[in-house]
Amino acid sequence: MKLATEDKLFVGLIYIILAVLGFTALYPFWNAAVISFNSGADTMLGGITFWPRDFTLQNYEVVFKDKRLIDAFVISVLRTAAGTVTSIAATAIFAYGMTKRGLIGRRIYMIMCVITMYFGGGLIPSYLLIQELNLMNSFWVMVIPGIISVWNMIIFRTFFNGIPQGLEESAQIDGSSNWGIFFRIVLPLSGPVIATLALFTAVYHWNDWFTPSIYITNTDLLPIQTKLNQILNSNIMLEQMQNMDSAAQGRMNRMRSVTTKSLSMATMMVATVPILCIYPFVQKYFVKGVLIGSLKE
Amino acid sequence: MPQLSVKTAEQEYRKPNLLRRIGKQWDIQLMVVPALLFIIVFSYIPMYGVLMSFQDYSLFKGFMNSPWVGFKHFEMFFHAPEFWTVMRNTLVISLLKLGIGFPAPILLALMLNEIGGRVFKRLVQTISYLPHFLSWVIVSGFVISLLSTDNGSVNMLLQALNIIDEPVNFLAEPKYFWSILVATGVWKEIGFSSIVYLAAIAGINPHLYEAASIDGASRIRQMFTITIPSILPVIIVFSILAIGNLLNAGFDDILLLATNPGLREVSEVIDTYVYRVGVLNSRYSYATAAGLFKALISVALLAGANYLARKSGNSLW
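Protein sequence lines, in the order shown, are assigned to chains Y and X.
Sequential numbering of the first sequence, starting at 1, is according to my numbering.
Sequential numbering of the second sequence, starting at 298, is according to my numbering.
Just chain X, same shape as in the assembly (with noise of 0.2 Å):
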């Protein structure tokens, strides 16, 4: 495999050479090149963008002109009142998104393969994936109607109930904010999700089953000691993958559905916190330090969660 790097004289011989073998694979050259270019305006002048969290950045110096200040954005980001709200929202909101949002679509699969009704099964899938496939800005809609203050179906049901006397703006008060938003995520995703952990159960040998039957197993205990332990793999490989994700802890959905300013307290994550002071504050310097901040964490996590997942025989790359 020849390499592009030209470095020693020897090298440089042969560099001639290496062009002119480029050029007579022309065409395939032709099918790679204009997207590596795009590659690199798209994603990597961005990633060099990022320095700029090191420069008192402003748009009309541009990026060579502005002055250099080492870590003062990191500081800054570091001793701003609002870090430690952000950090444990960014840590509360996905711990609660890991610890609810990835163990519901098992449990739906699992339950999905106890059943034996073809038709409701069938109709059960497809309801489920279907939220999916819509947009957060509908999601949300939704999640506003239904508990508006204003006869949405959830306030009108605990009045039913004579749970509450007066409709609750559940989208006003913060306590409520953090259950919303999970459940939304854990309604919108559970069925699609749900695919891998069915497609991993219906490769479990039938006969596994009809063994356990006869010894006199019961469905329950079927179900933990063959088809958990079966599935055991494909639920570690996205465990780790969801430790890798860790700190997104949402973002379109908390835009969205955060729209009370008075939820502030406990909605702002970090990537939220970054388009609020970067895109509407245009405080670029101080936002990219703050993302980057989170990257590095990202990156961190991710590279633990890989030893993780060596050590169990399932690495990532």
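Excised from the complex, chain Y in its bound form (with noise of 0.2 Å):
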């Protein structure tokens, strides 16, 4: 089909736009990664944006060598380890309760679980109880509260649903118990929807910085995410610093800034690794997670 003039023009026009638009989504990753493999005192002349001036690889060798940020990075990945696996074993053993026609009470059950989904205590209340039930300074303050999702429960229902009837049938008559039937029959047919919400239960605990934030004070069990806030946040008190202070104090201030900005794109970018190396793999899996997830609503 040929396309009229006035279409050229507003598909060019789109092309325009959304080419943009990617480079705006891709730029200020690539010059976070430009700035880590730059000297940082060369940084600090200015007009580092799509290559590397003076390469090196000083910030990471830095990075690695500093015993904290790489516990804080195993931290991280034994939270992302134990609150996946046990989120999503404990979810999907109480969806396949769930499904269960003749279990006693299961629209009782539903109801109280669809209530947490609107109504909440709110930080304090939840704050409180932690510190009530001893879990602040504790490892598993960043795994145990977040064990039961209601909503990875109700997406897990509804795939567990899906599964013919037939099968279960046919194994119960063959002697299985209802839990040999859940771990023999329908576990192995769910891979799709544990990949799915696999993906997004893993990315939430590498990603949050802010519950060990506040239930974590012994800077030893900080996962990678939080120990970077603090990174950068003494960062942007050393340029505010720098701002105030006389020139030549401001200079020797600048030189730590600057390295310190280097040393900060370089974690930065160590803490995004594990996500971009996944990311690839599981596109196709996420789309459709975020379609279960929509029909849900």
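Treat the hints with care, as some may be off.
[Stated by the list, open to error] For each label pair, taking beta carbons as the anchor points, the in silico distance ranges come out as:
no., chain 1, residue 1, chain 2, residue 2, range
1, X, ALA597, Y, ARG53, 34 to 42 Å
2, Y, VAL114, X, GLY601, 15 to 23 Å
3, Y, LEU13, X, GLU507, 17 to 25 Å
4, X, PRO526, Y, LEU189, 36 to 44 Å
5, Y, VAL114, X, LYS608, 17 to 25 Å
6, X, LEU458, Y, SER138, 49 to 57 Å
7, Y, TRP151, X, TRP475, 28 to 36 Å
[Unchecked claim] Lysine-lysine pairs mimicking PhoX-like chemistry, simulated, CA-CA at most 25 Å apart:
no., chain 1, residue 1, chain 2, residue 2
8, X, LYS369, Y, LYS284
9, X, LYS358, X, LYS369
10, Y, LYS100, X, LYS321
11, Y, LYS8, X, LYS418
Hint data in this document are derived by calculation from the structure and do not stem from the laboratory.
We treat Cβ as the ideally placed atom computed from N, Cα and C, and that holds for glycine.
The task is to assemble the complex, starting from two chains supplied on their own in separate frames and drawing on the hints.
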């Protein structure tokens, strides 16, 4: 089909707008990566945009030699693994139980769940609860409160309901218990939904910086995102000082601030790499996952 | 369906029967009861804990022994000097986010639908979904770096274009904060939010477009007469959900971008206020009262939104 002139203009304009948008979406990331590969002293001179001028791996060397950052990275990995595995397992079992028609109290249980989707105690009562439970300053404070997700339970339940009843019935006739059916029949058929929900849960755990920032004061237990936030804030403070101080003081601070800048960019890249690594593989899953989620809405 | 509430004598008589029947299906109950206990502890106990906004709660006395004071903390909140600032910021920021952040992904989806180049389209999609998966800490790091007075890209660009002479410290000036906040939010979520609209567009019958182009309708016309009306139901449902979220002006983004105390005047919203007075200053009862006030308005908004939804035939529940 041939395009009319008006249409050609229209589509051309859209190409231009989308190219600009794509550039805008990528540039902040690209620029941060470039700064992380550029020497800190050179970045200070300005003009670093698309390409490193004085390429160096020093920033990364410092990051990887900093034991505190590596520890924080390990904490993040452990937290993400523990949080995702426990949450997906517990929520899937819960959801499977909720699909059973004969379950006594099912309606009341469901109402109990749905209420929590609209009402909550808010920050302070939850905060005091964590204190009461002695979870403050513990690794598990980042894992336990998130184990059961009502939202994921409902998505799991919808998916399990779509599994043909006949499969379960025949297993039952063969003498399988309900738990046996869950592990041997239902779980192996649920790959896509598990992948989708595990992805979203893992991303949440990897990215969450707030929970540890209020519940954990022991700096050895902080995950990378929270640690990174502290680093970035110290950077801002230095930059603010530099604006106020006298010229000589300012130059000294500037040296430090710029080094902090390139270092924090390198740390940011390190904290982002795991997401970038899994991103291409899961893209097809998350598009599906968004659609399951929005159908529920 | 047997009821769990036991009130009359007759039901009392049935109780052992019910227990026996529950005992018979202990394996299924074992799947759900631990999870429900978990929900009771982590969701219902905090809901009950909201009552402490009517107390002078103190950590030493505990919930049981703290004195009840009625609406004292609510009155204090309403009369606090920062009350109107906090309310204004909450409303302005969330309305800006709604007004700009809500249509942006729809526009992106409409534009992506118009282009034919598959590779280019996939590229734009892949790039624009990515920021959704980055943490707010990273995103705020990007913003701080780009806007930095110390050779940040934005200052460099504006200086090169001779728009400004001296670097502007964007993140220290209250007048820029709302724009930065909204732009960052759009940047982070525009691609990911467009997925639903793209899916809705993909479901439109292609014959409609064929018929329209035979009739000589231009692409722009087709967009307005076919694409937009076809995805309107999806737009309506999502706009209703957005209304229910109206008071969620933001939290992570505001805490991370407004680190400069000079911005408090334009950045403090109810959620960040609750965090600051509650967690940082330990004024538990007062902060809970402010949080409860927000929750009540949110529920009212959601109910109102659902009423509108029911009228349009798209009820949420």
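Evaluated hints:
Taken as a hint, the range 34 to 42 Å is violated for the pair ALA597(X) and ARG53(Y), whose Cβ atoms sit roughly 56 Å apart. For the pair VAL114(Y) and GLY601(X), the beta carbons lie near 19 Å from each other, so the given range of 15 to 23 Å is met. The beta-carbon spacing between LEU13(Y) and GLU507(X), approximately 24 Å, falls within the hinted interval of 17 to 25 Å. PRO526(X) and LEU189(Y) have their C-beta atoms about 39 Å apart, which keeps the hinted 36 to 44 Å range intact.
Between VAL114(Y) and LYS608(X) the beta carbons are some 22 Å apart, a value that agrees with the proposed interval 17 to 25 Å. A C-beta distance of roughly 52 Å is found between LEU458(X) and SER138(Y), which places it inside the suggested range of 49 to 57 Å. With their beta carbons about 30 Å apart, TRP151(Y) and TRP475(X) fall inside the hinted range of 28 to 36 Å. With a CA separation close to 53 Å, the supplied pair LYS369(X) and LYS284(Y) exceeds the 25 Å bound.
Among the hinted pairs, LYS358(X) with LYS369(X) is consistent with the structure: their alpha-carbon atoms are about 19 Å apart, no more than 25 Å. Of the pairs offered as hints, the one joining LYS100(Y) and LYS321(X) holds, with about 14 Å between alpha carbons and a cut-off of 25 Å not exceeded. For the proposed pair LYS8(Y) and LYS418(X), the alpha carbon gap of about 17 Å is at most 25 Å, so the pair holds.
In this structure, the earlier hints numbered 1, 8 are contradicted, and the remaining ones agree with it.
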